[in-house]
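For the sequence shown, the residue numbers in my numbering are 69 to 470.
Keep in mind that the hints are not guaranteed to be accurate.
[Stated by the list, open to error] Keeping only pairs whose Cα atoms sit at most 20 Å apart, straight-line, the calculated EDC-like set for lysine to aspartate or glutamate is: (1) LYS299 / ASP397; (2) LYS299 / GLU336; (3) LYS302 / GLU262; (4) LYS395 / ASP437; (5) LYS395 / ASP303; (6) LYS309 / GLU262; (7) LYS395 / GLU336; (8) LYS309 / ASP397.
None of these hints come from the bench; they were simulated from the model. Since the structure is predicted, the reported quantities are computational estimates derived from the model, not experimental observations.
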Amino acid sequence: MKRLFEAIKNIKNSSRPVPPEGDVSDVYGGPIWPYLLIYKLWYLGLLMVIIWQWPEMNRDAFFGNMARWPRVGEIVFGSYLTTWDGAHYMSIAEQGYIPGSPSCAFWPLWPFMMRIGSWLTGGSCLISGMILSNLFSFFGLLWTHRLVEIHFGRRLANRTLLLMIFYPGALFFQFPYTESLFLFLMTGFLLSLENRNWFMVYLLGLLLPVTRSVGLFLLIPLVWYFWVCLKNEKDLGLGMKCFLVSVPIQGFLLYLFSMNMAAGDPMEAFQVQYHWGTNNANNLFDLPKFLLAFFDLRSWHDYSGSLLDRIFFVYSLPSLVLLWWYKRDWFWLGVVLCIFPAMIATYISYIRYLTVAFPVILGWALILDWVRSRTAVLVIYMVLLGLHAVLLWRHINSYWAG
């Protein structure tokens, strides 16, 4: 345990780069965490005021959903915090997996952590989920800033963090969803790679595929990183490199074992996909379906056929081009986090899935860095913030947000 705590503590101690030219202050600066903490407290306070003063729950959607919280009875204050997938995670955390239930499609690590956290919150999985989600996203955003700062300097790190906070999908960082935990694990994983902290690389890499299905596909950027970036690493033999590269596969096997223990069938999540009709890994091999679905527009933003989801997909593509030029190992990470979710779910919930794709948002920061008009940059920030506010109101009231 002592080794584990020391390894976690050392995640933040990534070696600081020496800028090749220019002012050193571009890399070195004051701590960002106080500002992030103020943001978190302000956001949660505003959220509580909105729920208290302007509740307009979509009762048809709330009671017609495949899961709701509480499971019986009328709408309560906590119902506004657990709409849509949040209710599924609450159900799993409180009563475990029920074979055949649509909730079995959700990966187990997050509801398990909510359940463990409830031991410290008087048995409330809701309070546990809210605290853990905001705690994980706090460190995930902090470590995102650190990663960008290491490779691109302080100014771009600040802009990337600001864009991540304003981005509409960032609303899910405040609710009991997997985005916070996944960002926390992924950024900790990448910082551990920077530190050559192989113990934490293995531990966090093992947990990522147990959090979300896309964690398995991190095998692609990991193979590239070890093949290109660490090809001259003398501390690792070929056997250890293969062992570490295969950690997403090991994590997926851990997921299957967990589902077998919890639901009695390691393939239970795939057995219940008929409830959803989406998120099929076979879609990765059906390019015509993916291309045709792009033009299947039904509304400005809804569960399927969302114009807004497709707009953000289009605007994510230039980021991938920039990542190919500037940081190729993050390019492959961007492909996994940006392209794969769009293909697997045929754009459904794309705004939410893109929330953790910080390399894509870094690409947006690089593009904005070229914009000389401060007015134009301010307008972009305001548009993102306005969409964020609209989707936040929709989410807490059981209207579709992502």
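Which numbered hints turn out to be false for this structure? 2, 5, 7
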